[in-house]
Structures are given as C-alpha cells and as structure tokens.
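Produce the entire structure from the sequences given, and follow the hints as far as they go.
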Amino acid sequence: QQAIRGKVVSTEDRLPIPGVSVKIKGTAQGISTDENGNFSINANVGQSLIFSYIGMQEKEVKLTSAAPINVALEPTTGNLDEVVVVGYGVQQKKLITGASVQVKGDDIQKQSTTNALQALQGQTPGVQISSTSGQPGESMRVIIRGVGTIANASPLYVVDGVLTNDISYLNPNDIASMDVLKDAASAAIYGSQAANGVILVTTKTGKSDQPAQISVDTYTGLQKLARKIDMLNAKQYAIIMNEGAINAGKVPYFTNEEITNLGEGTMWMDEMFKDNALTQNYSLSAQGGSTKSTYSTSFAYTSQEGIVGGKSLSNYERFNYRINSEHNLYNDIIRLGEHLTFTYLNSNGIGVGNQYNNSLRGAFNTSPLVPMYDEEGNFYDNTNSSWNTGEANPYATMYYGNQNDRNSQRLFGDVYLIVEPMKGLRFRTSLGLDYNVNESRSFTPIYRLSAYSFNDFSRINQNMGKNKSLLWDNLLSYTFDIKDDHHFEAMVGSSAFQYDGSSIWGANINAVFNDLEHAWLSNATNANDAAQMTLRGAPDDADKRMSYFGRLNYNYKGTYLLNATFRADGSSRFARGNRWGYFPSISAGWVISNEAFAESTKNWLDFFKLRASWGQVGNQRIDAFQFMSPVTFLNTNYIFGNQEGVLTPGAYPSRLSNVNLKWETSQQTNIGFDARLLQNRLDIAFDWYDKITKDWLIQVPVLATAGADGPFINGGDVKNTGVELALNYHDHIGEFNYSVGLNGTYNKNKVGSIPTADGIIHGANNLLFANSGEFYRAQNGFPIGYFWGYKTNGIFQTEDEVNSYRNANGTLIQPSAQPGDVRYVDVNGDGQIGETDKTMIGNPNPDFTYGFSITANYKGFDLAIQASGVAGNQLVQSYRNHTDPYSNYTTAILDRWHGPGSSNTTPRITEDARNWTNFSDLYIHDGDFLRVSTITLGYDFGKIIKKNYLRKVRLFASVLNAFTFTKYDGMDPEIGYAEGFASGVDLGYYPRPRTFMIGTNITF
Amino acid sequence: CTKGFLDTEPITELTDENFYRTTDDAYKALVGCYDGLQIVWAGGVSLPVATEILSDNCFGGTGNSDGFGYQMLDEFDRLRSPADQNLFVDNWIAYYKAIYRCNMLLGKLDGIEWGNKADLRPVYEAETRFIRAYLYFDMIRLWGHVPLLTEPSNENIPQADPNEVYTVIANDLKFAIENLPATSYASQPTATYGRVTKWAAESLMGRVFLYYTGYYKQTDLAGVVDRSAALNYLEDVINNGGFSLVENFAHLWPASLENYVGEDNKETVFAIKYTFTSDYDGNTDGNHWMVMFGMREQWSFPYGNGWGGATVNPKLWNAYNRNDSRRTASIIAIAEEGINFTNQSKQREYTGYYNKKYSPLVDENGNSIAVNKGGVNFQIGQFQDYVSIRYADVLLMAAELGSPNAQTYFDAVRRRAFGTNFSAQPVSQSAIMNERKLEFALEGIRYWDLLRQGVDVAASTIAESTTVLNGGQEVRKTISAGKINETNGLQQIPNNQITLSNGVLVQNAGW
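These protein sequence lines are chains B and V, in that order. Okay, so the first sequence: first residue is 1 according to my numbering, each after it adds one. Okay, so the second sequence: first residue is 10001 according to my numbering, each after it adds one.
If you are wondering where the hints come from, they were derived from the structure by calculation, not from laboratory data. Glycine included, each C-beta is placed from N, C-alpha and C at the ideal position. Since no wrong hints were added, every one of them can be taken at face value.
Which chain V residues stay away from chain B? Per the calculated CB distances, all over 12 Å, these:
#1 Val-10246
#2 His-10251
#3 Gly-10338
#4 Ala-10424
Estimated spans, in silico, between C-beta atoms of each pair:
#5 V:Ala-10431 <-> B:Asn-828: 50 to 60 Å
#6 V:Gly-10004 <-> B:Arg-681: 51 to 61 Å
#7 V:Ile-10011 <-> B:His-486: 46 to 56 Å
Below, the structure is given as structure tokens:
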C-alpha cells in the first residue's frame, strides 16, 4: 500500500469539495477530503476508489498508478436529499407533502433576462407567466393554477421571508432558488395573502468554511423586433379607401393617376421601431465564510433599451447592491444575520396601456399619407391636410407625449436573530423592511400635429412619494424524535405587518425651458391660472395585519408523512367583527417505495411517493375602508357667480357601506405523486388539483335608486381544475451529459355563483376602439373573462345568398346585408340577429401551458435550450379604430371580399365599418404558440487556461426569443396585457424583442 | 373601546358618521346637491340633446360610422339599434345619485348644529328640495314611471304612480317658494348667481303645472296647486322678480361673440351652470353634451367642431318668418352663411343646419375657446350654462295660463324677435304654442311642449318622411307616428336596471 493523494472538485464551479467520502472499493477503509478538497489514502494500485458526497453523483476511479489524482464530481439533478424552501422554513424534498416546485438560481441566470420572473417562464408546470408588455421594466403577469379572481390574480412573493407583491427589483444573479407553492396546503401558512399561490425567493448566501469566491458575470446584447406587422402603404391605402368610397356609392377619393404617383408613403411601423437596442448586464459578486461568519455580496448594473422609440423614449436601468451575511455570536447558539438589497431604478417609457394610452396604436391607425417631417425637418403638422386633418404623426405623438423620467429606490430585506439553546429547539425573530422612494417628472412641449393632437401650453409634472412596510416575525420551532422512528417538527409563530406612505404631486404650465431636463415645477411660470395648476399631497391608506400560525410535521420512518398548518390573520381592511380569517390545511404522503412489498420494483423504481392535500387560503386585496361609507370632497364642486373657473367645493357620501365584508377564500384539494425511475435518471411529478376561489371581493352594480356606488361584497366563485406533469430525464454518454425536461398543465376554468340577477359581471365598454361595446364577461358556467359576441358563418357572396338567409317564417334574417357582408349565426333561432345571439366565441384562458428544456455539456462546452408555450386560448385583435373610416389597415385587408368568391373570411370595405361595430369572432384569433425563449452555447476556457486562481472563464452566446411558432398574425402572441379581468387583448401590443447576446462568467 | 393595532382611519376623507355636523358641513352637502344636478348629463345622453332629437326640431345625426342609438331615439324604434338597450343608463344612475345626495341632506338637517344661523336651515332645505323636484320632473317626463325615493334606501323599489311623483315635486316647489327670500334679480349678489331663487321655484312650478295638466289631462297639479295659483306664481315672478328681456335676441347666445350679454343675465331665471374645469381625473364641471351639437369634425369660425349630433331639421329653418331675428340667432345654416363644410362623408343625417344656441366656439385659428380658457379639450371643456328657464318662458307661460296681461306678454316676446318689423298678432293657445317653438327652438323645450298637447298631437307633428345625407349619400328618413303613439312619448327604461331589479322595474310600452 502507498499513500495516494488527490483533490476533489465540483464539475460545476471547479471549487474544491470538503468532506467528500473516499472509500476503497470492497473494503471498509475510507477517509474524507479536507477543507481544500484534498485527501490522502493508503491504497494499492489496481484498487478502485469510490467518491461520494450528498448532492453529487458517486464516482469510481481505478488506480492505475500512485500518481496524484484529480477527481471532479457531477452534481446530481434534483437530489431527493436536497432541501427545498417552504413557508417559514425548509424541508427535505422527499418529505414534502404539498405541491411545490423549485427552480434553481442557475436555471434562472442561464436565461439572461432582465426580470427574474421572465426566466421562470416554462420551467414549472402550473405557472403561467407572460409579459404585460415588451417594454423594458414592465411587469410580468403570473398566474398559478388558473385565474381565480376578477381582481388582481398575481401571487404573493416572499423574498428571504419578507412579503411583497413585486420582485422586479431583484437582480436574477442574486437568486439562489425560487420555490413555487401551488397547492393550498403549501401556501396556507401564508394564509391571508396566498389565494393566488406563493413564490418564495431565496437569495444567495455564503457557506460556512467556504473559501472566498469572486465572480464577474456580464452580458451584452442587441435587441430587435422579432416580427413586424405590415400596414398598407400609400398606394394600397388609396386603393382600399377608394373601394370604401365606391362601396358607399361615392366617387373614389383618388384618381388612378394620383395613385400611381403615391409611392409607399410613410411606413409608420418602421418609424416606431428601432433596431439594435442595447441590453447589458454587469455583476460582480463575492461570497465565502469562516466558521464564525458567512457572507455573500454583489453589485450589479443592468440596462435595457426599448425597441419602440429607442433609448430616449423607452429605457430601463437598474443598480443592485446586496449584502447577506450571518454571524455566529455565541457557540452556534446565537446567530445574527441580515439580507439587504438596495435597488436604484431609472426608467422612462412610452404608453403601453389601453387604446388611449398606447403609443404604438397610432402607428396602426395613421395613414401612410402623413409625412414624418416637414421641409424644415420638424414633425409634420397635419392640421391643413387635404386628406384627413384629424390624423397625427404617431411617432411625434409618442415623442411629445412621453417626455418622462422616473426613478425609484428600494431597500428590501431583514435583520434576524436565531437562538438554538438546545438541539432541536429554535427561535427566530426577524424585522423585515421594504422601503420605497420614487420620483417622476414629465414634460409636454407646445406642439401641433393635427386638428386634435396639439398642446397649447408647455406643461410640467413632478411627483414624489415614499412608503415603507415593516414586518416583524417570530418563530419558535422544536424538532424531536420519539423512539427514533417517529419524527416530529412543530412550529408556532406570529407576524405583524404595517404599511404607510405618502406622496406629493404637482403640475403647472408655461415652462421657462423647453425640455425634460429642466422640467421642474420651479421652472413653470404660470401664477394666475389656478385651473392649470395642481398641487396635491396625501398619505397612503394605512394597512395593517396581525397573524398567528402554527405547523406540525410528523413522519414515521420517512414513509408515512403528515403535515398540518393553521393560520389566523387579522386585517385592518375589514370592519371589527369580520377582521379575522382562519386558514387551515392538512396534507399527507406515503413513500410506497420504502415499503417491503415494493422491493420487487427496486430495479426500476427508485422512489415513489403518493401525496394528498387540502387547505384554505385567503385574499384581502381591496382598498382600505371599503366597509365604510366615505364622504367625498374630491371633484365635488359647483360654479356660483359669473366668474368661469371659480369653484365652490361641496361634498357627498359616495359609496354605500358594507360592514359584513370578509376574506375571500380559496380552497384547494391536491393529489399527486413524485417518482424516480431508471436508476435515478427519470424524475416524474404529477398533480391533480381542484381549486375553488369563493366569496370574491367584488363591487357589484347596485340598483341605481340606491343613489351611491355599490359597496364591495363577497360573492362569486371560480373553479380551476387541472393536472400537471413534469418529467426530467438525465443521462450521459461518456463525457457527454444531457438532460431533457418537459412539463405541461391542463387547466379548466369555470365561474359560478355571481351574485347579480343575471349571474354576470359585465366587462367594460370602450376598450377595443372608441365607443366599442361589451365583449368579455364573468358569467356562471363560463370561463372567467370569456369573449362574448356574435358567431359568424362566412361572407355573403351574392345577393341570392342574402335573400336565402331566412328564418322559419320566411323573413330575412339580415335584411340590410349586402354581398360582402358577414353572415351572423342566429344562435337562439329566433329568426333575427340581436343581443341574445351573442355567445361565447373565445376563451382567453389557455387549456394547456407547457415548457421544455434541453441541456447538454461536453468537456468545456455547454448548451441550453428553454422553450414554453400555451395552447387552446384565444386572443382578441383590435388594432383599428373603426369609428374613423380613414384609419389604416394591416395588409390582411388585401384578402377582403371584393366580388363573389374572393373571400369567405374578411368582409368587404365599408366606411361605416358595419361588419366590425358588433363584436364577433372576426376579432378572435387562436393564441396557441410555442416559443423557444433561450438558446445558449457556452465554453469554459478554464479548462484550457489552467491558472489556479481562475476557476472558470466561460464565454457564451445566447439568443433570447429565438423562434416563435404560432398561427397568430400579430407581432407577439404572448399577450399578458390585461384590462380589468379582460386578458389576451391585442390593442397594438409592445412585442417582446429578439435579443442576440454574448456574455462571460468568470470565477476566481 | 380602545384603539387596537388593526384600527386605522381614513385621513383625507370623512365618513357619513362624522359629517353633517356643522352649518359648514350643511353648505358643503348643499353644494354637493348642485354638483349632482350639474353632472346628470355628463355621460349618457343629455336631455337638451335628446329632447331636440325626439322633437320635430332635429334628426339623430352623429358620425356616419357611429352606432344607431340616436336614430333609435329619433324614430322611437327599438329595432333601429337593438344593441342600445341601455342608452340612458348613465343618466338614470346620475339622476338617482343626485337625488340620493338631496335625500341624505334633507334627512340630516335635524342633526346639524345650526346655532345662531337657524335662518339658513329653511333656505338650504328649500334649495335642496327645488333640486330634487327639478330632477324628478326631468325623470318623470322622460321615463314616465320611475321609483320614488324621498329618503335614502337600497331596497328594490317598484315604479311609483306618476301622481305620487308629481305630488312630491309640487310640494317640494311649494316649500321652496314659501321659504326662499323674495330678493329681486337686481339685488341678488353676483357671487350667488346660480343659486335657486324663489323666482326659479315659481317659474318651475308653472312649467310643471302646464306639463302635468296637459300630458295627464288634469285640471290641477296633483291637488297641490290649481290654475290660478300657478298663474299667481308666474305673475309674482313678472312683477317682483326684477327680470326683463335682453333687447336683442341674438345677444342671448355666445355665438354673437362680443355682443353676447353673458351668463346670469337679466333674462336668466334658472340655469344649470357649467365651467371649463372638467378633466379626466374626475372633475366634472363642464358642459359635456354641447360637443354633440358641433359640426362633424370641422370648424368654421366662430363655430367649433363637434360630433354632428342632432342635425337641425330644415323644417325648423323654414318655419321662421325671414324678418324673425331668431332664425339666424338659433340656427347655423351652412349654405346661407357660406360655410365651406366638406366633411359630409363623416356626417350622418346631414341637413345643412346645426344648432347655433349651443354650438361649441372657436377662434379665428380654429382653436377651441374652451381650451383657450383653460379647458382640457373641446369635448369636456365646454362651459356654456344650460339656461333652463328664461324670462321669455315665464311671460309666455303666464299668457298661456290666462293672465289678464296675456297680449302684452305675448307681444313683448314677439316685439323683441321682430324689432322694427313687429306687427301684433292676437294671443291664443295655438299662437302661443307656435311662438314657443320659434322662441325656444333647440333649447330642450320643444318636445315637452308637444307632448303636453297630447301624445297624438306630438306624434303627428313629429312624424315625417324626407331625405337626408348619410356620408354624403341621399337616404330616406322616416319617423312614423305609430311608433311615437306606441311609446306614449316615453323613453326606454335602461334594460340593465330592469335586469338588476330582477323584474321589479317594468319596461315602458313600445320598448
């Protein structure tokens, strides 16, 4: 025997692994690696060494000589011994009885996104994530297990134990893991806030005895529009306008000669979008630890320019500073630590809201006849146009209307103290803080672009606000075993929450300087015209909560698992008698593969756990004081006397009170299993769930005779039922390692018990274009927000077809129709087309959401592909303002009906848009898509450079939003924009850019 | 009880528990009632626009690709726009909101600490009750059958017998007449213009009396006021109110530009006042309906652009004697004034005539006067008051009720209209009705004057078949008397309110 020396590192980060067990095969002889991953063992050449370590794949090395050996261990993916984060604690994955899913920080950083949530897209079943806009810095719409409410359906976020509803401040590089709690049993410990699911975010921390590790991560990318919409050019536009005139029995507007000379005109889409918009990220991080203290800290800068309008109009910039550390104050009994992130955000942006607030929409409607600039190079003033004085240069409208600058600062985190006086007994107290300050300014210059688009006074707006949330949590837990086989874990806790804030805002006219830089209220000179001046300030409504909760975990031999939680929440948003809500849950698991009778399956089934859970969670997201009847002073004035603009203030009680208002409750049952097969190569997780969200907090219409706005009441429910499946397979062929992940969800959504006479909560009017009618509803028996309108059945090709469309009595069903008009389906069979023929013609909620990922590595190379998609949902596309006959069309109109047989889908051109004023399935498009969201190829030069201070030098190239497979003809089928509970509405959606980037990861 | 951690209270709002305490609260609540009246037409269809369309003065008009709601009004035909089942719902809601404010205040008057200002109480009560009466009078005329609330309630209340509604209206007005001071126009402080006066209450009583006794064919007003009492009220306004006719009819209207006599002039007995401070943050102080009357998307100094609603029937233009100064003061005539209107393609039911009395105005460069004043835009920034009762109306009502001075009153109105071309006509019921048509054209009065002569009279007067231009193309326009008779001249109860009431509210005949 001779001493064999060596070193064990991880393949992942090339870091040494201390504590790896090194055994000689076939003997009991073994030792562990030291702090630096080094080992020395007496063995014979010819014998084999077995290296094993929790979380790493076991490796066997045959000794061919006595020379020192270097061993690299692969991490196992999804190891069962690993711990995952649960509410107020962690738990071993194999003992979990609820439905939760963890995504590692690595899998998030790999996506190179600005927003961490976007990186989560497609990675977890049951979680539908979509951009609300492609504008940098805009939020994501996150729906866990189907839309459960007509109010805000986004989940609760808990970052290192601190509750929040917005995590856009986070640098994705700082995230160690994200855990999504999907079922009520997992989420119930967060009680009142958890009705829409919970996403737990854990930021990176140092490890005890970890050598200092410094990383520099960067990427730089160029973004461009992935798919453009083609609008009619000037020539096509003139032809279509002429056709409209002829169809109306008028003389054409343009002569053939005029049309010949028109050329292309202004292609507004090309003017609006900018190519090569820059996105970049630089982060510097360090982490490490001694036996006394651990730390993890980082600084990052991220910026992303918008592809609409470019940097000066649409831009996002973020600075992140983070420090997490923990200190052992006394003998491992008392520990003190903190998580703190400071974020500085700078942004400006264009309108991405409703039809009146959407900068891109103008480009869809303005004719190509409007020039971009006049002869002097100024934006063209169309006031005296010979064609249409009402239309304005949409780029200029966007430019003038979006001179704004916003910045905000956020300090987020907590300071905590842990006391463990004896083994198993643990007390933790923490004080969380979420402090926000924001400031914004905007400037509107004097301009004139058309008869309606002008501004006669330069105007300055300036706003400032700040707010803070404090969260004080106390947890006491005790873990103990009885007779070794009975394992107990008990936890009780309390949580107190308090929010307050205030803001001040002002506006005035007549700026001294004509630019945004000088847009400060002191530079506005108007002193006499009070009507043009705004000066306001107010505190935010205070918000307070008090909560008590407890959890009991029990397992017998790790085979029979039981978990019960209970939470009581009191909220200031309800009247005294209804303040408290109680949220219980229970869940159980059975690890069948531990049973003796399962021995026979051991050769192919490594692990199988059956799970079942039931629980209730709540929601209290309404404004404060809804239970009171407020007396409103705001906007209540009358003018007495003959001086215009001089108002006398008044007051009136504006809303009825409802002191019986109580918590909205979501109740969910979940049954599922986790399995691991084929020598740990294949992981399967399956879940079935049934989630009913009831007692919605809604403001229903009251009888007008009540004379005031209706109070919020509890009523209405929606049931989401679905199944989720996640498969993950990993293997290797020699040094080629690969894994394939696949996940999918089927969800069905059905509304019930709407407490109005007609069982309907009606959607808003005026959303699709000016004066458009109702088109979405929440109605008993239908999916939430379904699209409501006429079914069509082709186009009348001839006069005969119109005349043969008759009811049973022989009268014409559409007496005023002409060839080329749409044939509506007489759904109720009453022989005429009317309101009662409107029916469900689309569903914005997808039946399926799915994702897949492929990763592979070979020597220094690595490849990752991530994709996600939805199926079975519909979108409403409404680009055109039909009330204006001269609005431009997309080139889709070239396929219109213009003679028998020419089209059976697109009706003829009419100036009164008669085929479009009623909402019908002409607006409906299938929203199915599959998007390959990331393709990354990297190479680690660390293997070539071999400097001992360099652990990793990886270079990578990525394409984000690489391919989208869809039949939808808009710019982007992923439309997370929602207006109230109307989702999937494309009013001229800011599309997500395609990004080509290169980056580096260097670790010292 | 002690204040716990979870007890919070609003800082920038009061609640109905701690409001209605001081005389200042009472005054604010009273202003809240005026505000309620000011916004009944901020959305939906305003009565000044709707009643002109319903009458024989105007067609529906609006944009050529708009919905057909205004045509449905014009032709009294639900099938003309089946989707518009809730055309008036915004107004229905706004009227009841305003009534709620009045009822709340009236119910809280006893709880207010009046102290040494006890004389304010009857005045505030009188003003509030006048506003309530004004609101109910609009509603009962438009819809015929409405739920009657004299105190706040969120019960599902069925429609009341019209007589009960008129009893409340008459008693409210009577209270106002008896409790408001007899301050003449000349002695009224300028700053209080717009407040309800004794004269406004007396004049409105005359109008209610004439409408009720006419439409319902009764001899007195719900047993509260008889014919001679009604006449006495009007004579009181004439003798003691201090009003008089503005010398030149055209100068009553802003379109007369520098000659305009201004708002709250000596002929204004009651007006709903507006100003330009409306915005999209909830301030609703403006005249939101006048933009409907403007020429469709085109201006021509001094007339501003608008949405081309309620295009004026050429019959009205032709009804005036060419010496009658009221013709050109009331109507914008495209051809006669040589206006280069080219936007026929966007205008539905173009007739060549628009409303001049309530037209938005622009300066020589086409800039909206409302915006020049500081309004947000030409749509909600319009600020012209709605002059509800003019002194000329008081004179003609008194003449109609058989005043001994009937001929003098009648002549006064006509003399102003014709100036030097005046020649006397003998006063008679039919002469008065004809004169009222010419005098109050496009002021939201004509339709009620027709209805109070009987639904059949109204129907046969309004019915016609003619041609108009839709998008520049000639189309046939037919309004049939049968449809008007079917509806009794009443409008559709908003269908969603019927649904909401679970059928407790009943739809009017013909709708």
